[in-house]
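Peer 1: Sequence:
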Amino acid sequence: MARCINCGKKGMFLKVNANGLCDQCFQSRLQSLFILAHSSPGQVYSGDVPRGLSPQSVMRMLSDSFENSMRIIVSSGKIINESSYPPTFYERMDLLKSHLEYLVSIQAVDSSLFPKVSPVALRDEYYRSYPLDEEKMWRRYFDQTMDRIVDMKTDRGKQNAITKFFDVVSQYEPRMQDNTKHAIEGFRKRLDLNLHKS
Numbered sequence: 001m002a003r004c005i006n007c008g009k010k011g012m013f014l015k016v017n018a019n020g021l022c023d024q025c026f027q028s029r030l031q032s033l034f035i036l037a038h039s040s041p042g043q044v045y046s047g048d049v050p051r052g053l054s055p056q057s058v059m060r061m062l063s064d065s066f067e068n069s070m071r072i073i074v075s076s077g078k079i080i081n082e083s084s085y086p087p088t089f090y091e092r093m094d095l096l097k098s099h100l101e102y103l104v105s106i107q108a109v110d111s112s113l114f115p116k117v118s119p120v121a122l123r124d125e126y127y128r129s130y131p132l133d134e135e136k137m138w139r140r141y142f143d144q145t146m147d148r149i150v151d152m153k154t155d156r157g158k159q160n161a162i163t164k165f166f167d168v169v170s171q172y173e174p175r176m177q178d179n180t181k182h183a184i185e186g187f188r189k190r191l192d193l194n195l196h197k198s
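Its first residue numbered 1, the sequence shown is counted upward by one per residue in this note's numbering.
Calculated directly from the structure, the hints in this document are not laboratory data.
Any given hint might turn out to be false.
As the list claims (entries may be wrong) - Straight-line alpha carbon distances no greater than 27 angstroms define the calculated DSSO-like cross-link-like pairs of lysine-lysine that follow:
hint, residue 1, residue 2
1, K158, K97
2, K136, K164
3, K97, K153
4, K164, K153
5, K97, K116
6, K164, K181
7, K136, K158
8, K78, K97
9, K97, K136
10, K153, K116
11, K153, K189
12, K181, K158
13, K189, K158
14, K136, K78
15, K158, K116
16, K158, K78
17, K78, K9
What the hints assert, rightly or not - The calculated label-pair distances, taken between Cβ atoms and stated as ranges, are:
hint, residue 1, residue 2, range
18, D64, L193, 50 to 58 angstroms
19, V109, Q159, 52 to 60 angstroms
20, L193, S170, 17 to 25 angstroms
21, S112, A2, 14 to 22 angstroms
22, L193, Q144, 17 to 25 angstroms
23, Q24, S170, 22 to 30 angstroms
24, A108, R156, 54 to 62 angstroms
25, P87, S63, 53 to 61 angstroms
Since the structure is predicted, the reported quantities are computational estimates derived from the model, not experimental observations.
Even for Gly, the Cβ is constructed at its ideal location relative to N, Cα and C.
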């Protein structure tokens, strides 16, 4: 006797597909996947869902969405690892996170769509590496500031560069991780020493 693994219906005349779903549950899953395929990170599709969806067309749309999100995730990761400009770093971190969450939402509906890459594992790696990535970016930004200060001839120019550095720090301080805040305090001491040397 067939039994749907999703809704639990069973019966002699009930048909289930290769995934163990009855037709009603299969159509419901296709509709959910259709909505996800037409959504974008942070914005859920709210239009009409056509009846009688073809599994092939929905999978093709999802595949395109997956490839686009992965392309954005990879390019954002590269920019994050090289950026020494805080606005770019945080914009790309937010973009990367939104695309990871989008892929996780697709995986929640149908995990079989991701045989090689687990969005949950990618998201977990993002959260694990974020504090170190953030600290590295601020170190690069600090090093650039120090290079500019060393080349400056006047104390006023040096003080302006230091003020600009800490103005930028104050914009992002509310979202900084503790390790980054600790590093910033070290930068503050080094900048003060550098200013007093001259």
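Peer 1: All hints, please: hold or fail.
Peer 2: To see whether the hints hold, each was checked on the structure:
1. K158 with K97: violated (36 angstroms)
2. K136 with K164: holds (19 angstroms)
3. K97 with K153: Violated, at about 42 angstroms.
4. K164 with K153: Within the cut-off at roughly 17 angstroms; holds.
5. K97 with K116: holds (20 angstroms)
6. K164 with K181: At roughly 17 angstroms apart (the allowed maximum being 27 angstroms), K181 and K164 satisfy the hint.
7. K136 with K158: Answer holds: K136 to K158 is near 23 angstroms, not above 27 angstroms.
8. K78 with K97: Status holds; Cα separation ~14 angstroms.
9. K97 with K136: With Cα atoms ~18 angstroms apart, K97 and K136 stay inside 27 angstroms; holds.
10. K153 with K116: The given pair, whose Cα atoms are some 56 angstroms apart, is violated under the 27 angstroms limit.
11. K153 with K189: holds (21 angstroms)
12. K181 with K158: holds (22 angstroms)
13. K189 with K158: This hinted pair holds, its Cα atoms lying about 15 angstroms apart.
14. K136 with K78: OK: K136 and K78 at ~13 angstroms, within 27 angstroms.
15. K158 with K116: Judged against 27 angstroms, a Cα distance of about 51 angstroms means the pair is violated.
16. K158 with K78: Violated - the C-alpha atoms of K78 and K158 are around 32 angstroms apart, more than 27 angstroms.
17. K78 with K9: Roughly 48 angstroms between the alpha carbons, so the hint for K78 and K9 is violated.
18. D64 with L193: 50 to 58 angstroms: With Cβ atoms ~54 angstroms apart, the hint holds.
19. V109 with Q159: 52 to 60 angstroms: holds (56 angstroms)
20. L193 with S170: 17 to 25 angstroms: holds (21 angstroms)
21. S112 with A2: 14 to 22 angstroms: Holds: the Cβ-Cβ distance is about 20 angstroms, inside 14 to 22 angstroms.
22. L193 with Q144: 17 to 25 angstroms: holds (18 angstroms)
23. Q24 with S170: 22 to 30 angstroms: Taking Cβ atoms as reference, Q24 and S170 lie about 56 angstroms apart, which means the hint is violated.
24. A108 with R156: 54 to 62 angstroms: holds (56 angstroms)
25. P87 with S63: 53 to 61 angstroms: violated (33 angstroms)
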